[in-house]
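One line per chain: the protein sequences are A and B, in this order.
Just so you know, this note's numbering puts 48 at position 48 of the first sequence, and the rest follows in order with no gaps.
Just so you know, this note's numbering puts 53 at position 53 of the second sequence, and the rest follows in order with no gaps.
Simulated from the structure, these hints should not be mistaken for laboratory data.
Bear in mind the structure is a predicted one, so any value in this text is a computation, not a measurement.
Glycine included, every Cβ here is placed at the ideal spot set by N, Cα and C.
One or more of the hints may lead you astray.
[Unchecked claim] Each computed DMTMM-like pair below joins lysine to aspartate or glutamate, with the alpha-carbon atoms no more than 25 Å apart:
id, chain 1, residue 1, chain 2, residue 2
1, B, K82, A, E87
2, B, K59, A, E87
3, B, K59, A, E15
4, B, K64, B, E38
5, B, K57, A, E87
6, B, K64, A, E87
7, B, K103, A, E87
8, B, K82, A, E15
9, B, K82, B, D101
10, B, K57, A, E15
[To be verified] Here are some chain B residues pointing at chain A (derived, C-beta under 10 Å):
id, residue
11, G30
12, E34
13, T45
14, L49
15, G51
16, P52
17, A54
18, T55
19, P72
20, P73
21, T76
22, Q77
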Amino acid sequence: MAWLQGSALGHAMRESGVWTYGVVNLVHILGVAALFGALLVLDLRLLGVWRKIALAAISEPTVPVATIAFFVAAASGVCLLATKATEYVGNPFLYIKFPAIALGLLNVAALNSLAAWRQHKTRELTAGEQSKLAVVGGISLFSWLTAVTAGRMIGYW
Amino acid sequence: MNSRLSSSICAAILTVSLTAPPAWAHHGWGGNSEEEFELSGTVDTGVSLAGPHATMKLKAADGKVWDLTLAPPAATQRAGLKEGIIPVGAPVTIHGHRNMDPKRLEVKTERVTWNGRTFNVYPDRK
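Could you put together the complete structure from these sequences and hints?
Structure representation (structure tokens):
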């Protein structure tokens with residue numbers, strides 16, 4: 001954390017005007033909003049809501065939006081953290097947020113390893129496969145909701 | 001979801017956010033004591049206008065260094081408290097609310113007085 005705070009990024013964040021933090025914070029919120037909004041729709045579909053709409057029709061817009069939004073949120077988040085990184089040592093919400101993000105990313109890796117997910121655009125899925133995807137959707141909602149909640153609470157500790 | 005239900009939910013969220021206590025607009029004062037707190041000492045580290053809140057450090061007479069959390073950077077600057085205005089080592093008196101945890105030497109600071117000038121970084125708080 002001390003290294004991050006002392007880095008060129010930390011210096012830039014602290015020394016480039018009184019609005020810098022606010023603007024970067026805005027970018028972070030937009031990233032989080034787009035990420036959570038996109039995956040909320042996808043996860044609900046995986047959990048069985050809107051069955052009339054083909055999964056492929058929902059995954060096509062939500063997956064790229066969530067992916068780009070994740071990188072926007074992550075990059076802006078590192079900038080926010082670098083500003084006063086050492087102040088967050090001991091903040092319990094940070095220790096909830098980052099494991100929750102790790103769980104969310106592992107879940108993405110698990111999803112990508114499932115044949116049902118890799119083939120959902122080209123064939124009908126069996127009931128068993130749909131249940132597997134529903135579990136992934138549930139874990140996804142849980143992990144990202146936890147990450148967003150803990151993230152919001154960091155500033156109130 | 002039908003549109004009437006959606007509009008009711010939106011109206012409910014809007015109502016709650018508009019009527020929420022104004023204290024929510026701050027990054028909580030909940031972790032700070034209600035009691036008014038005043039402290040005098042010398043500037044150990046000058047004002048920094050980095051986000052999310054401006055900060056400075058104050059060395060008390062007993063040699064202990066206190067972390068002062070000021071208003072957000074733009075508000076602190078509007079109150080006239082810019083970086084480098086108060087020199088390091090200058091005697092100052094601050095007013096605010098200290099951290100609820102007695103082991104943490106941190107004060108959410110509302111006013112800083114130096115050399116006859118008062119910088120009121122939270123003008124809407126007494």
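Hints, one by one, checked against the model:
Only pairs whose Cα atoms come within 25 Å are accepted, and K82 of chain B paired with E87 of chain A is accepted, the gap being roughly 22 Å. Straight-line distance between C-alpha atoms of K59 of chain B and E87 of chain A comes to about 19 Å, which keeps the hinted pair within the 25 Å bound. At most 25 Å may separate the alpha-carbon atoms for a hinted pair to count; K59 of chain B and E15 of chain A meet this at roughly 24 Å. The suggested pairing of K64 of chain B with E38 of chain B holds, with an alpha-carbon distance near 15 Å, which does not exceed 25 Å.
For the hint linking K57 of chain B to E87 of chain A, the alpha-carbon distance of about 14 Å falls within 25 Å, and the restraint holds. Proposed proximity of K64 of chain B and E87 of chain A is supported: the alpha carbons are some 18 Å apart, at most 25 Å. The hinted pair formed by K103 of chain B and E87 of chain A meets the criterion: a straight-line CA distance of about 16 Å does not exceed 25 Å. A hinted pair counts as satisfied when its Cα atoms are at most 25 Å apart, and K82 of chain B with E15 of chain A qualifies at roughly 13 Å.
Under the criterion of a C-alpha separation no larger than 25 Å, the hint pairing K82 of chain B with D101 of chain B is inconsistent with the structure, at around 29 Å. Distance restraint check for K57 of chain B and E15 of chain A: the Cα-Cα separation of roughly 18 Å lies within the 25 Å cut-off, and the hinted pair is therefore satisfied. A distance limit of 10 Å between C-beta atoms decides the matter here; for G30 of chain B the minimum to chain A is near 7 Å, and the interface restraint holds. Hint status for E34 of chain B: violated, given a least beta-carbon distance of 17 Å to chain A, over 10 Å.
Given the 10 Å rule on beta carbons, the hint for T45 of chain B is violated: about 13 Å separates it from the nearest Cβ of chain A. Interface hint at L49 of chain B: satisfied, since its Cβ lies 5 Å from the closest Cβ of chain A, which is below the 10 Å cut-off. Look at G51 of chain B: its Cβ gets to within about 2 Å of chain A, closer than 10 Å, so that hint holds up. Proximity of P52 of chain B to chain A holds as hinted, the smallest CB-CB distance being about 6 Å (cut-off 10 Å).
The interface hint given for A54 of chain B holds, since its Cβ lies 8 Å from the closest Cβ of chain A, which is under the 10 Å cut-off. A cut of 10 Å between beta carbons decides the hint on T55 of chain B: the least distance to chain A is about 8 Å, and the hint holds. At a threshold of 10 Å, the smallest CB-CB gap from P72 of chain B to chain A is about 8 Å, leaving the interface hint in force. With a cut of 10 Å, the hint placing P73 of chain B at the interface with chain A holds, because the nearest CB-to-CB distance is about 4 Å.
Taken as an interface hint, T76 of chain B checks out: its beta carbon lies about 8 Å from the nearest beta carbon of chain A, inside 10 Å. Hint status for Q77 of chain B: holds, given a least beta-carbon distance of 5 Å to chain A, under 10 Å.
Figure legend: structure checked against the earlier numbered hints; hints not met, in rising order: 9, 12, 13.
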